[in-house]
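Participant: Here is what each chain is made of, one letter per residue.
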Amino acid sequence: MAPKDKIEPRSAGAVQPQTLRFSEPLAFRSGAVLDSYELVYETYGTLNAARSNAVLACHALNAAHHVAGYYADDPDNVGWWDNMIGPGKPVDTDKFFVIGVNNVGGCFGSTGPRSVNPKTAKPYGSSFPVVTVEDWVNAQARLADRLGIDSFAAVMGGSLGAMQALQWTISFPSRIRNAIVIAAAPKLSAQNIAFNEVARQAITTDPDFHGGNYYEHGVVPRRGLRLARMIGHITYLSDDVMMEKFGRALRTGAIGFHFDVDFEIESYLRYQGDKFSEYFDANTYLLITRALDYFDPAAAHGDRLSRALAAARARYLVVSFTSDWRFAPARSREIVKALLDNRLDVAYAEIDAPHGHDAFLLDDKRYHALVRAYFDNIHAAL
Amino acid sequence: MTGQEKGILSGRSDFQAIAAWVRPDATVLDLGCGDGLLLRFLKQTRNARGYGVDIADANVLACVKNGVNVIQSDLERGLAGFDAGSFDCVILSQTLQAVLHTEEIVLDMLRVGREAIVSFPNFGRWDLRLQVALGRMPMSPELPYQWYNTPNVHLFTIADFESFCADHGIRVLERVVLHRGRSVRAFANFFGSLAVYRVEKKR
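Protein chains in written order, with the working numbering: chain V, 1 to 382; chain D, 383 to 585.
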């Protein structure tokens with residue numbers, strides 16, 4: 001039963017997450033090994049007979065495998081990229097078989113710090129391996145193997161999800177035909193890492209953190225998570241859109257000469273932080289911000305991204321947003337330059353949108369028209 | 383030639399001349415590429431590996447629809463993102479008259495490309511001269527705008543362009559002048575409506 005106000009008629013509908021168990025060990029870039037693990041995923045649409053129409057949608061920091069549609073028993077829980085993926089949508093699930101997967105280290109069902117380590121019979125907690133984008137891509141490739149997908153028609157994502165799409169073209173050049181790289185950067189800047197570090201410090205200095213093993217203490221470092229989310233949220237929005245949305249509006253109409261909520265923006269950030277701390281795992285937040293920090297495919301190639309992409313064979317759609325100051329258009333242009341150096345096929349669009357980094361999740365007409373046109377061509381070439 | 387290719391050619395009479403100068407398998411950068419049809423034509427006829435540059439959202443979308451590579455970027459800010467000598471050929475098709483930084487763009491084209499192809503509407507054609515002589519800003523199939531809504535900010539003649547090349551160390555390798563798709567051989571600056579040049583930097 002769909003909620004009347006939220007679900008568009010062209011939704012992927014009621015969906016159900018599935019779980020696959022993997023018993024072959026997963027070796028991490030750090031050297032750590034996970035003997036076995038589970039991945040939770042969802043699929044939308046139908047895999048065609050040639051198994052050529054599969055699309056992988058990679059999640060960023062806060063999301064997971066629930067990309068499109070809703071849950072029958074929780075109809076308000078709509079997938080994070082539901083405006084992009086579904087029947088008749090830019091990524092049309094009448095044509096494509098789309099997969100969303102919760103990455104290893106996540107907190108939405110795939111094996112992560114909250115899972116029980118079979119060796120100790122306790123949650124992994126701080127002992128969970130530090131995971132990288134390369135590790136995620138390797139795990140995603142195993143999922144593709146199990147689903148009988150040799151090659152993806154496309155791997156797509158925004159922000160950290162886009163980094164996975166880019167990494168796919170490096171790690172598995174023969175298994176990906178198109179990479180949709182939205183609001184991305186080829187590596188984090190010092191400022192990006194600095195924001196992540198503040199978020200991590202907020203979590204690790206929370207007295208309820210207990211060195212990452214808070215599960216055993218029956219507590220959650222909620223204050224730290226709230227702060228981490230508040231900091232992150234500031235970087236997802238542009239100054240302009242924040243000003244337009246909240247301005248200096250006051251909760252009660254007058255300043256209160258206290259340190260409780262005066263301004264609407266404070267109330268909004270607290271609300272976002274509270275909501276987030278209810279469901280997100282602090283250790284996963286640490287892991288994912290670290291995966292962002294460590295992503296730097298050029299590092300192993302003398303800091304030359306062009307060399308890192310030398311083996312890539314995919315075609316690329318790269319999209320940036322003018323008001324995104326977290327991963328500004330110049331960062332996407334670095335990727336485009338490296339693709340050009342390798343004479344790879346690329347379409348690059350710089351969308352003039354006011355919303356900042358979050359624009360990749362929003363329903364911007366020009367952005368969606370581009371993705372739709374690009375996928376129409378992918379479909380025509382199937 | 384397919385019907386579609388004919389369709390492409392009927393719209394832009396300089397495409398054929400440009401294609402004749404693009405070597406098979408060449409790497410091509412098309413500045414102000416519009417809907418990308420020239421690039422698609424060069425891919426089909428010369429197996430060119432092409433990239434377009436355009437600033438307009440609608441053109442970037444059209445290029446994606448037409449399946450050609452495109453980079454959304456403002457020509458007026460230069461070609462800083464492109465390495466010297468990184469393309470066999472840089473094309474500016476009927477765009478030079480519409481740019482502000484004329485000198486910078488032409489010189490940057492010849493930095494990025496080993497050679498450049500430039501086409502432009504010839505303001506020196508007799509019927510345009512006549513319209514000016516009669517006191518009005520001219521209009522023609524190549525210049526279909528009124529003075530108040532034209533994107534063309536730098537109108538110039540064949541003679542002007544050749545003098546520009548001479549002054550800027552640019553060697554003209556080949557020239558084709560057209561009127562209604564046919565080659566104009568004599569008194570080109572008087573009878574030609576569209577000029578296409580292949581040029582390189584004097585070294």
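Among the hints, a few may not be true.
To be verified - Straight line, CA to CA, 25 Å or less: simulated DSS-like cross-link-like pairs of lysine-lysine: (1) V:Lys337 / D:Lys425; (2) V:Lys187 / V:Lys337; (3) D:Lys447 / D:Lys425; (4) V:Lys365 / D:Lys447; (5) V:Lys275 / V:Lys245; (6) V:Lys365 / V:Lys245; (7) V:Lys337 / D:Lys447.
It should be emphasised that the hints constitute simulated quantities derived from the structure, not laboratory data.
Participant: Could you run down the list of hints and mark each one as holding or not?
Facilitator: So, going through the hints one by one against the coordinates:
1. V:Lys337 / D:Lys425: Judged against 25 Å, a Cα distance of about 21 Å means the pair holds.
2. V:Lys187 / V:Lys337: holds, 14 Å
3. D:Lys447 / D:Lys425: OK: D:Lys447 and D:Lys425 at ~15 Å, within 25 Å.
4. V:Lys365 / D:Lys447: holds, 15 Å
5. V:Lys275 / V:Lys245: Within the cut-off at roughly 19 Å; holds.
6. V:Lys365 / V:Lys245: holds, 20 Å
7. V:Lys337 / D:Lys447: Holds: V:Lys337 and D:Lys447 sit about 22 Å apart, inside 25 Å.
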